[in-house]
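Q: As a plain string of letters, each chain reads:
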Amino acid sequence: MHIMEGFLPHPWWELWTIIALPIVAYGVYRLSKITKEHPEAKPLLALMGAFIFILSALKLPSVTGSSSHPTGAGLAAIIFGPSVASVLSVIVLVFQALLLAHGGLTTLGANTFSMGIIGPAIAFGIWIIGKKARLPNSVVVFIAVALSDLGTYVATSAQLALAVPIAGNVFDSFLAFGAIYAVTQIPLAIGEAILAVLLFDFLVKYKGKLLSSMKVIKFPALKVEKEVKPQ
Amino acid sequence: MKYWPYLVLAVALPTLLLLYIISLGYTSLASAVLTLPNETEILLFTVFAGVGAATIGHFFGYRRAERATRNNANKPERKQGWKTINLKYVALILAVVALFIVPFIINPSGEFGGTDGQGPEAIEGEGYTPWVEPMAYQPDALGERLLFSLQVGIGGAILGYFVGHEMGKVANKKD
Numbered sequence: 028m029h030i031m032e033g034f035l036p037h038p039w040w041e042l043w044t045i046i047a048l049p050i051v052a053y054g055v056y057r058l059s060k061i062t063k064e065h066p067e068a069k070p071l072l073a074l075m076g077a078f079i080f081i082l083s084a085l086k087l088p089s090v091t092g093s094s095s096h097p098t099g100a101g102l103a104a105i106i107f108g109p110s111v112a113s114v115l116s117v118i119v120l121v122f123q124a125l126l127l128a129h130g131g132l133t134t135l136g137a138n139t140f141s142m143g144i145i146g147p148a149i150a151f152g153i154w155i156i157g158k159k160a161r162l163p164n165s166v167v168v169f170i171a172v173a174l175s176d177l178g179t180y181v182a183t184s185a186q187l188a189l190a191v192p193i194a195g196n197v198f199d200s201f202l203a204f205g206a207i208y209a210v211t212q213i214p215l216a217i218g219e220a221i222l223a224v225l226l227f228d229f230l231v232k233y234k235g236k237l238l239s240s241m242k243v244i245k246f247p248a249l250k251v252e253k254e255v256k257p258q
Numbered sequence: 004m005k006y007w008p009y010l011v012l013a014v015a016l017p018t019l020l021l022l023y024i025i026s027l028g029y030t031s032l033a034s035a036v037l038t039l040p041n042e043t044e045i046l047l048f049t050v051f052a053g054v055g056a057a058t059i060g061h062f063f064g065y066r067r068a069e070r071a072t073r074n075n076a077n078k079p080e081r082k083q084g085w086k087t088i089n090l091k092y093v094a095l096i097l098a099v100v101a102l103f104i105v106p107f108i109i110n111p112s113g114e115f116g117g118t119d120g121q122g123p124e125a126i127e128g129e130g131y132t133p134w135v136e137p138m139a140y141q142p143d144a145l146g147e148r149l150l151f152s153l154q155v156g157i158g159g160a161i162l163g164y165f166v167g168h169e170m171g172k173v174a175n176k177k178d
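For the protein sequence lines, the chains are A and B, in the order given.
28 is the number of the first residue of the first sequence in the working numbering; add one for each residue after it.
4 is the number of the first residue of the second sequence in the working numbering; add one for each residue after it.
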């Protein structure tokens with residue numbers, strides 16, 4: 028999903044950078060607020076960053092005969108909110124742009140938009156709706172993370188189609204880029220979603236109290252307390 | 004605290020990694036018996052780095068949790084057997100692994116090129132040239148493997164430490 032350096036021409040890279048900046052800035056503000064309100068959430072924050080670090084470097088093969096990588100930002104959005112996931116994504120994207128020539132500095136805004144804003148926003152939106160509908164947590168996490176991963180690649184396809192319409196018009200180009208990016212991503216999105224469910228399950232079991240105090244989940248803490256600390 | 008799982012991994016992982024490097028033909032010991040697509044080769048290196056770093060992280064996290072609770076009580080070590088491993092998790096992890104092995108069975112001769120490279124190729128095929136070259140450091144093939152492994156290693160160490168610490172806290176609280 029990384030758009031390489033120099034592949035977004037003049038008005039577009041500035042546009043995405045300007046769109047991404049205020050959201051990342053708001054994320055930094057949210058980040059400092061969360062760490063002040065819940066200092067015990069700091070290890071959890073590091074964990075979410077680590078999850079993105081791992082997943083965004085795994086070049087996994089797909090049934091289409093090409094490989095791609097998941098993003099990992101969906102779970103962070105569910106737990107800390109989409110803007111915090113944007114900040115964590117920027118850290119990873121800067122690491123990859125500076126050290127791996129993967130993505131780039133001019134395309135940082137566009138990549139942040141697809142991986143750190145659209146993806147997390149989808150995950151957070153589905154999470155909120157799923158909670159309202161009282162669906163089981165693991166099911167909602169699965170759907171939210173899978174669609175957020177896929178949405179990121181659809182967003183990348185749209186960004187490229189708008190800036191460099193290779194097939195003549197924007198819509199046909201969108202389909203052409205979608206065939207490269209989004210179709211490959213489908214099995215990866217499922218894989219990422221399963222891993223996210225595993226980690227979320229672990230967190231509910233071991234950090235249920237913190238998660239419910241952060242209002243991520245409602246009351247499994249009661250059940251977990253009995254299980255974990257019988258005394 | 005049980006040391007044997009760590010010891011097994013501490014021996015097994017470097018051995019497997021060494022075998023992997025030799026079979027790729029990177030050493031003068033043997034010619035390449037294993038040829039993998041570039042992206043898949045990187046993937047396996049990063050998986051080694053991730054599992055290794057997570058093991059080390061888990062060890063230190065678990066030990067820290069254990070030391071923090073040692074003074075509270077001198078309880079005999081709780082017997083933990085295989086029954087503590089939940090079958091549901093094993094099934095899910097196997098499903099993930101299967102999901103990424105199936106492509107090789109369906110498509111044994113596939114190139115498995117990265118989409119991050121295919122997108123730009125499609126654009127350049129239409130006559131577009133990037134208006135700016137990557138400004139920062141551009142690694143070679145070895146550097147790419149090392150840096151991706153570093154990235155997964157950092158993440159794996161944090162993840163392993165967190166998981167080990169939490170598990171250690173709970174295991175030492177129980178009677």
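Hint data in this document are derived by calculation from the structure and do not stem from the laboratory.
Note that the Cβ used here is the ideal one computed from N, Cα and C, for glycine as well.
Hints are not guaranteed to be accurate.
With a cut-off of at most 20 Å between alpha-carbon atoms, the simulated EDC-like pairs for lysine to aspartate or glutamate come out as follows [as the list claims (entries may be wrong)]:
hint: 1; chain 1: A; residue 1: Lys242; chain 2: A; residue 2: Glu41
hint: 2; chain 1: B; residue 1: Lys91; chain 2: A; residue 2: Asp228
hint: 3; chain 1: B; residue 1: Lys172; chain 2: B; residue 2: Glu44
hint: 4; chain 1: B; residue 1: Lys172; chain 2: A; residue 2: Glu41
hint: 5; chain 1: A; residue 1: Lys242; chain 2: A; residue 2: Glu67
hint: 6; chain 1: B; residue 1: Lys172; chain 2: A; residue 2: Glu67
hint: 7; chain 1: A; residue 1: Lys236; chain 2: A; residue 2: Glu41
hint: 8; chain 1: B; residue 1: Lys5; chain 2: B; residue 2: Glu69
hint: 9; chain 1: A; residue 1: Lys232; chain 2: B; residue 2: Glu69
hint: 10; chain 1: A; residue 1: Lys60; chain 2: A; residue 2: Asp228
hint: 11; chain 1: A; residue 1: Lys245; chain 2: A; residue 2: Asp228
hint: 12; chain 1: A; residue 1: Lys245; chain 2: A; residue 2: Glu41
Okay, the calculated bits of chain B under chain A, using three or more residues with CB under 8 Å as the criterion [stated by the list, open to error]:
hint: 13; region: 17 to 27
hint: 14; region: 62 to 73
hint: 15; region: 109 to 120
hint: 16; region: 123 to 137
hint: 17; region: 141 to 147
hint: 18; region: 157 to 167
The following label-pair restraints were derived from C-beta to C-beta distances [as the list claims (entries may be wrong)]:
hint: 19; chain 1: B; residue 1: Leu16; chain 2: A; residue 2: Asn196; range: 48 to 56 Å
hint: 20; chain 1: A; residue 1: Pro163; chain 2: B; residue 2: Thr38; range: 24 to 32 Å
hint: 21; chain 1: A; residue 1: Leu125; chain 2: B; residue 2: Leu16; range: 25 to 33 Å
Q: Are the hints correct? Go through all of them and say.
A: Taking the hints in turn, this is what the structure says about them:
1. A/Lys242 with A/Glu41: violated, 36 Å
2. B/Lys91 with A/Asp228: Within the cut-off at roughly 11 Å; holds.
3. B/Lys172 with B/Glu44: violated, 37 Å
4. B/Lys172 with A/Glu41: It is violated: about 48 Å lies between the C-alpha atoms, which goes past 20 Å.
5. A/Lys242 with A/Glu67: holds, 14 Å
6. B/Lys172 with A/Glu67: holds, 15 Å
7. A/Lys236 with A/Glu41: It is violated: about 43 Å lies between the C-alpha atoms, which goes past 20 Å.
8. B/Lys5 with B/Glu69: Roughly 11 Å separates the two Cα atoms, so the pair holds.
9. A/Lys232 with B/Glu69: holds, 19 Å
10. A/Lys60 with A/Asp228: Since the Cα atoms of A/Lys60 and A/Asp228 sit roughly 26 Å apart, the hinted pair is violated (cutoff 20 Å).
11. A/Lys245 with A/Asp228: With Cα atoms ~14 Å apart, A/Lys245 and A/Asp228 stay inside 20 Å; holds.
12. A/Lys245 with A/Glu41: violated, 41 Å
13. 17 to 27: violated (count 0)
14. 62 to 73: violated (count 0)
15. 109 to 120: holds (count 9)
16. 123 to 137: Satisfied; 11 residues make the cut.
17. 141 to 147: Held - the region 141 to 147 of chain B has 3 residues with a Cβ nearer than 8 Å to chain A, which meets the minimum of three.
18. 157 to 167: holds (count 8)
19. B/Leu16 with A/Asn196: 48 to 56 Å: holds, 52 Å
20. A/Pro163 with B/Thr38: 24 to 32 Å: Given range 24 to 32 Å: violated, Cβ gap about 44 Å.
21. A/Leu125 with B/Leu16: 25 to 33 Å: holds, 29 Å
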